[in-house]
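Residue numbers for the sequence shown follow this note's numbering, so the first one is 1 and each next one is one higher.
Be aware that a few hints might be false.
To be verified - Computed Cβ-Cβ distance ranges for the label pairs, DEER-style:
no., residue 1, residue 2, range
1, H50, T28, 28 to 38 Å
2, G39, R59, 42 to 52 Å
3, E19, V53, 12 to 22 Å
4, R59, L37, 36 to 46 Å
5, G26, R59, 13 to 23 Å
6, F14, D48, 38 to 48 Å
7, R59, G18, 22 to 32 Å
Simulated from the structure, these hints should not be mistaken for laboratory data.
Virtual Cβ for every residue (Gly too), placed ideally from N, Cα, C.
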Amino acid sequence: MSDDILVAKKTATFDYNGERIVVHAGITRVRAGHPMLEGREDLFEPIDVHYDVEDATARPGAKRSGGSTGGRTRRKKTDEGSEGSSGGAG
1 MSDDILVAKK
11 TATFDYNGER
21 IVVHAGITRV
31 RAGHPMLEGR
41 EDLFEPIDVH
51 YDVEDATARP
61 GAKRSGGSTG
71 GRTRRKKTDE
81 GSEGSSGGAG
């Protein structure tokens, strides 16, 4: 998939469809097959992917480790008034 996107190898300017285009080395990206590349292929190269997308689960229907709370702990509900109250007059 990274072969679908090209990045400029060097900074250059050229005319394209009546506009002055500036491409910057390492910054400007163009989709492979774009008409702008015709005759300028030497200005671009495929991008390097440093971090690719990982699958969320190993297979469809597989459960993630850590339970359904996403690592959060759920508090148990208790009877009203039992949390933090002394329950009587002093």
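Against the structure, the hints:
1. H50 / T28: 28 to 38 Å: violated (18 Å)
2. G39 / R59: 42 to 52 Å: holds (46 Å)
3. E19 / V53: 12 to 22 Å: violated (34 Å)
4. R59 / L37: 36 to 46 Å: holds (39 Å)
5. G26 / R59: 13 to 23 Å: violated (38 Å)
6. F14 / D48: 38 to 48 Å: With Cβ atoms ~24 Å apart, the hint is violated.
7. R59 / G18: 22 to 32 Å: Roughly 52 Å apart at Cβ, these two residues miss the hinted range, so it is violated.
Of the numbered hints stated above, those contradicted by the structure are hints 1, 3, 5, 6, 7, listed in ascending order.
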